[in-house]
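J.: Sequence:
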Amino acid sequence: MDAVPDSLDAVAEDFIRSSGDISTLLERLRPELTDFDDVYAADTVVAAVRHYDGYWLRPRVIAPTRLQTTYRLTAVSTEELLAGTGATSTFPRGYRDVAPHLRPGLRLHRITFLEPGASFGIDLDCFVLLDGRWRLFPTPWFVLLVDDPGHDH
Numbered sequence: 001m002d003a004v005p006d007s008l009d010a011v012a013e014d015f016i017r018s019s020g021d022i023s024t025l026l027e028r029l030r031p032e033l034t035d036f037d038d039v040y041a042a043d044t045v046v047a048a049v050r051h052y053d054g055y056w057l058r059p060r061v062i063a064p065t066r067l068q069t070t071y072r073l074t075a076v077s078t079e080e081l082l083a084g085t086g087a088t089s090t091f092p093r094g095y096r097d098v099a100p101h102l103r104p105g106l107r108l109h110r111i112t113f114l115e116p117g118a119s120f121g122i123d124l125d126c127f128v129l130l131d132g133r134w135r136l137f138p139t140p141w142f143v144l145l146v147d148d149p150g151h152d153h
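Start counting the sequence shown at 1; every next residue gets the next number (the UniProt record's numbering).
Misleading hints may appear alongside valid ones.
[Unchecked claim] Using C-beta positions, here's what the derived DEER-type ranges look like:
no.	residue 1	residue 2	range
1	Asp37	Glu79	14 to 24 Å
2	Thr65	Leu33	28 to 38 Å
3	Leu130	Pro59	16 to 26 Å
4	Ala87	Gly117	16 to 26 Å
5	Asp147	Ser7	29 to 39 Å
6	Asp37	Ser119	36 to 46 Å
7	Asp147	Thr70	32 to 42 Å
8	Ser19	Gly117	14 to 24 Å
The set of hints was computed from the structure by calculation and includes no laboratory data. All C-beta atoms in this analysis are idealised placements derived from N, C-alpha and C, irrespective of residue type, glycine included.
All chains should be modelled from the sequences, with the hints used to inform the complete structure.
T.: Put into structure tokens, the structure is as follows:
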């Protein structure tokens, strides 16, 4: 297995260098079963495992385009999400919905891939650093919908 980048900057640069083929990167970032206990509260772990088991069969992650050669990193903590402080307003509303179901003390990260000089681009989130390894939990609030009719991974 490839070495795991020790910084989110290195992860972002790997995505930019990937030339659109991100399957190897995604496999490296895929959470392991034991990671769910470190991210989700006990009452939500089973739903998270069920959701992501299906999600990772066909992950819907958009790779940066060849023109998106720069990036911006944003982070928010569980506590900031609960209080509506920090960078909370820059994250999708679903983060506030799932915040009560996340472990305290987590730091959730996003990479926004941009064309030079652009202010908007492709967002890739939610990265969490667990035991020195980056893990990716895209759209973490979808675990709250796992039992809804029509839930799609």
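J.: Each hint should be assessed against the structure and marked as holding or not.
T.: To see whether the hints hold, each was checked on the structure:
1. Asp37 to Glu79: 14 to 24 Å: 19 Å, holds
2. Thr65 to Leu33: 28 to 38 Å: 33 Å, holds
3. Leu130 to Pro59: 16 to 26 Å: 18 Å, holds
4. Ala87 to Gly117: 16 to 26 Å: 22 Å, holds
5. Asp147 to Ser7: 29 to 39 Å: 37 Å, holds
6. Asp37 to Ser119: 36 to 46 Å: 37 Å, holds
7. Asp147 to Thr70: 32 to 42 Å: 40 Å, holds
8. Ser19 to Gly117: 14 to 24 Å: Roughly 22 Å apart at Cβ, these two residues keep to the hinted range, so it holds.
Checked against the numbered hints given earlier, this structure breaks none of them.
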